[in-house]
Amino acid sequence: MGSALWSAVLVTCVAGRLDAQVGPATRPMEEEAIQQLLALEAELDLARAGSVAATYAAVLERVEANRKPTVLRQVGPFEVLALVEQGDLAEEMFTDVWRNDFSSVTGSPALESSTFAFEWWRTAPSEVGWTLTPAVDGPTMRRVEVSRLYVPGRDRLRSSVTTAVWSALRGDFPDGSSMRDWLGYADYLPGAGAYRVLAVTPSAANRACLAGDTPACAAALGVADVAAQPEWFTREEKQRMLGVAVQPWMGRADRDEPDVRACLEENVESACDRVVGRLGWVEMSTAPSSVKTHLLWYAIRVGGDGAWARAVERADANPAEVLVAVSGQPLDQLLRGWQVDLVRQRPDVHAGLAGGGLTVLFWSLVLAGFAMRSTRWRSA
Amino acid sequence: MYQPMLFVHWKQARMLLVPFVLAAFALPLLVVQGFGAGDSDVSQEAYRILANYQVWLPYFPMLAASVGAVLALTAWNWDHHLGHIYALSLPVARWEYVMLKMGAGVALALVPTAAMWIGAQLASGSIVMPEGLRAYPNQLAARFFLATLMSYALFFAMGAGTIKTTVWIVSAVLFFFVGGGLIDILLGAFDPTMSDVNVVASTVSWLARAGGPFAVFTGNWTLIDV
Amino acid sequence: MNSAIELSGVSWRAGKSFELTDVSLRVPVGSIYGFLGPNGSGKTTTIRTFLGMLKPDRGDIRVLGKEVPRAMREILACVGYVPERPHVYPALTVAEQVRYHSAFFPTWDRGWADELTNRLQLDPDRKIARMSKGEAGKLLLLLALGQRPSLLVLDEPTDGLDPVVRRDVLATVLDYVGETQATVLISSHLVHELERICDWVGVMDRGRVVTEMPMQHFKNGIKRLRVVGAPVSVPDAPFVVLSRQSDNGAGSTETWIVRGWEPPMSYFIEGVGGTVRDVFDLDLEESFVELLRSSRPTTIRSR
Chain A
472 MGSALWSAVL VTCVAGRLDA QVGPATRPME EEAIQQLLAL EAELDLARAG
522 SVAATYAAVL ERVEANRKPT VLRQVGPFEV LALVEQGDLA EEMFTDVWRN
572 DFSSVTGSPA LESSTFAFEW WRTAPSEVGW TLTPAVDGPT MRRVEVSRLY
622 VPGRDRLRSS VTTAVWSALR GDFPDGSSMR DWLGYADYLP GAGAYRVLAV
672 TPSAANRACL AGDTPACAAA LGVADVAAQP EWFTREEKQR MLGVAVQPWM
722 GRADRDEPDV RACLEENVES ACDRVVGRLG WVEMSTAPSS VKTHLLWYAI
772 RVGGDGAWAR AVERADANPA EVLVAVSGQP LDQLLRGWQV DLVRQRPDVH
822 AGLAGGGLTV LFWSLVLAGF AMRSTRWRSA
Chain B
1095 MYQPMLFVHW KQARMLLVPF VLAAFALPLL VVQGFGAGDS DVSQEAYRIL
1145 ANYQVWLPYF PMLAASVGAV LALTAWNWDH HLGHIYALSL PVARWEYVML
1195 KMGAGVALAL VPTAAMWIGA QLASGSIVMP EGLRAYPNQL AARFFLATLM
1245 SYALFFAMGA GTIKTTVWIV SAVLFFFVGG GLIDILLGAF DPTMSDVNVV
1295 ASTVSWLARA GGPFAVFTGN WTLIDV
Chain C
2 MNSAIELSGV SWRAGKSFEL TDVSLRVPVG SIYGFLGPNG SGKTTTIRTF
52 LGMLKPDRGD IRVLGKEVPR AMREILACVG YVPERPHVYP ALTVAEQVRY
102 HSAFFPTWDR GWADELTNRL QLDPDRKIAR MSKGEAGKLL LLLALGQRPS
152 LLVLDEPTDG LDPVVRRDVL ATVLDYVGET QATVLISSHL VHELERICDW
202 VGVMDRGRVV TEMPMQHFKN GIKRLRVVGA PVSVPDAPFV VLSRQSDNGA
252 GSTETWIVRG WEPPMSYFIE GVGGTVRDVF DLDLEESFVE LLRSSRPTTI
302 RSR
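Residue numbers (the numbering used here), protein chains in the order written: chain A, 472 to 851; chain B, 1095 to 1320; chain C, 2 to 304.
Here chain A stands alone, though its shape is the one from the complex:
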């Protein structure tokens, strides 16, 4: 919340109290008080700005002291900036991510104008260590800073690179566009991650989707004809949706409407159905953003050349229309294919167990060796 808004709140409160104390006859005094408060606010802003500037200058000074030589590499349509000694690693990671996850993307203005600053930290990142900062300032610069200390290694690093590229790509959908609203701000997840998210999100529609019910998938993902969908949600879910829709900041339904009241207060499901049927995909969608992202990527893979560009052109269209245009398939067919693809990528949650068995065997033998070498059991 900006300082202006705080001031407005403050001014409103103070004005209300003055009203209560002196009544309408004191209007000039009220205006005077407001003027004083506004002057005070301006002074505070100045002081705050000075403090921020001083802090920023100090950071820059420290950053400059730590600055190291960098190298710029071209990967696909974008550039990667890295420390000289990490240039090869950066190129390798971005190339891997680009080839395997995003190579079907063509014609992305956001990606083409992006430069990624890559730094794999020996320690946890801190402001003192931002060696790349002076070189990377600018609206298209995105950082990938990963500590080598707390992470299992390259998998995590690759995941960070993927997230950075996806964040850049998402910029092709302007804020406030339908596609940006539909996609939200979730990270890019591989299929196994998307499956997990869909499976554990509380929603009957999600369950039905996993079980292979394509209309349920449409409902869960918010890409269906809304009026036909109440059956995919339990009464509790409909009440939750409606509970959100009646919030003042949403303003999608009127709390005083008889059907809304019957649904929320009297648990009348038919009333819920009538209201929910009128809601849009924003309220109806129960699948998390990362699952929608997964669907979009599936559509782009299916759509082939120019698929991303088609999506960008229709950023303001209904997501269902965008997906059809991107994939070149009817929505039912697309969802069916995506559902099969997602289920195929179901994670093997105990995948490392066999390897873990060998590890335990190895360490047990090592420790048994130590046991044999202990003083008592050493051969006399």
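One should not assume that every hint holds.
Straight-line alpha carbon distances no greater than 27 Å define the calculated DSS-like cross-link-like pairs of lysine-lysine that follow [as the list claims (entries may be wrong)]: (1) K128(C) <-> K1105(B); (2) K56(C) <-> K67(C); (3) K17(C) <-> K1258(B); (4) K17(C) <-> K56(C); (5) K1258(B) <-> K56(C); (6) K1105(B) <-> K56(C).
Honestly, the hints are just simulated from the structure, not real lab data.
Chains B and C: place on chain A using the hints.
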């Protein structure tokens, strides 16, 4: 020779194992307690099951570590009390004796493992599994067994030594934590870019990651998962 | 193979308090070897050394003709060992302990073990932790004899036992030896006990072997002499003077304890100006005590 060795270890450990066997049996059942058919808001079921599981999750590796420790201590207890004279007077190669003893403990670890497997089977059978989730009783029991084995091997190796050896090992671990912390502080004091170096955390992380001896404890202990 | 146990120049040190120094022993095959020494003299340590439980710092050891520790497994398979203190698992019953023990011995004779169980009146279902000291002693003997060993090592086997049990234990050992001609090393500080059964004796004190000889020589070779007009010193004597003491304080008549005495040696004393008035036999215990006294640094061995 293995069978008598197993019998002796069993005789020594059985009473101590009882509470652990009960815990191994009960833990999976406790995890699913309160779930199943009849819940009105079924859409929340998967989330609630998994959220509830998180609460109980730490107890599984802790139980495995405890069982391993008990088995290891009982493996050597009598020999320690008798000054190892009897064991050393038996006509068996020492490496063979140690391996027989270790093998006996491994077999005994199957008892709480079996209890956990039965408990996990009953637990997963007692609830209506939400779509998208599955029960993994076999994998849970297998992980429990492996973690017990790891703990057993560690304490067994320590227990095989003299008190002096154990004191050395414990001192070395303490020294590492204290010394490592001091190194971190000193590095940060002399070179600001090294201020976030954490030798202790890095080592612990290395021990717990894939391939490390404690990786089995930090892996996936879920009975119910996607 | 003439020696069942052979130690040459064995030394072992445990901290600053105790050490075995240059221990050499030879236990003839088929003998019953009494291993004498006061408490803390190093008998148990020596036994543990040749049974491979302790690693000597120096010296060579052979048991039953095989090198220690290289052939330890084969050696232990032929050795019956009764340690100083009960060393078996207390929560087992007699039958369970016997079953456990027998699994390690390929030559375990089950029939013989059953016979011993009956003979020693051991209850197979009795828990070891609840056994009396005598019963525990019998069990240890059963475990040691069950595999029909060719070498029996008994470390203070009768210590703390009542006379009846002690007699049973020794009788069982003697019967076994009579039957199998096995070699026995029996360590004890109860000298009278060994006097009746041993044919060889070795004496240890303060980590050293003081002497080792056939029992007959030991018993007959140490004498008490009353010498009149004793010379100040007897440097070339054919016997060893273990101690000498003036009878009345004036010095004309002395009592000597000597080792290796033979009757003709009285002529040697006469040759140096003295006269042997009386010669007394010592029993084993007196001999043992005098021998130990003479071996300690403060004792004047001869002048």
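Report task. Below or equal to 27 Å on CA atoms is what counts here, so check K1105(B) against K56(C). Result -> Not satisfied, since the Cα-Cα distance of roughly 32 Å exceeds 27 Å.
Query raised in the report: Given the proposed pairing of K17(C) with K1258(B), does the C-alpha separation stay at or below 27 Å?
Result: holds (17 Å)
Query raised in the report: Within 27 Å, alpha carbon to alpha carbon, are K17(C) and K56(C)?
Result: holds (17 Å)
**Report entry** Given hint K56(C) paired with K1258(B) - CA-CA distance at most 27 Å
**Finding:** holds (18 Å)
Query raised in the report: Under the criterion that the straight-line Cα-Cα distance not exceed 27 Å, is the pair K56(C), K67(C) satisfied?
Result: Status holds; Cα separation ~16 Å.
Requested in this report: Take the C-alpha atoms of K128(C) and K1105(B), compute the straight-line distance between them, and say whether it is at most 27 Å.
Outcome: holds (12 Å)
Against the hints set out earlier in the document, a violation occurs for number 6 only.
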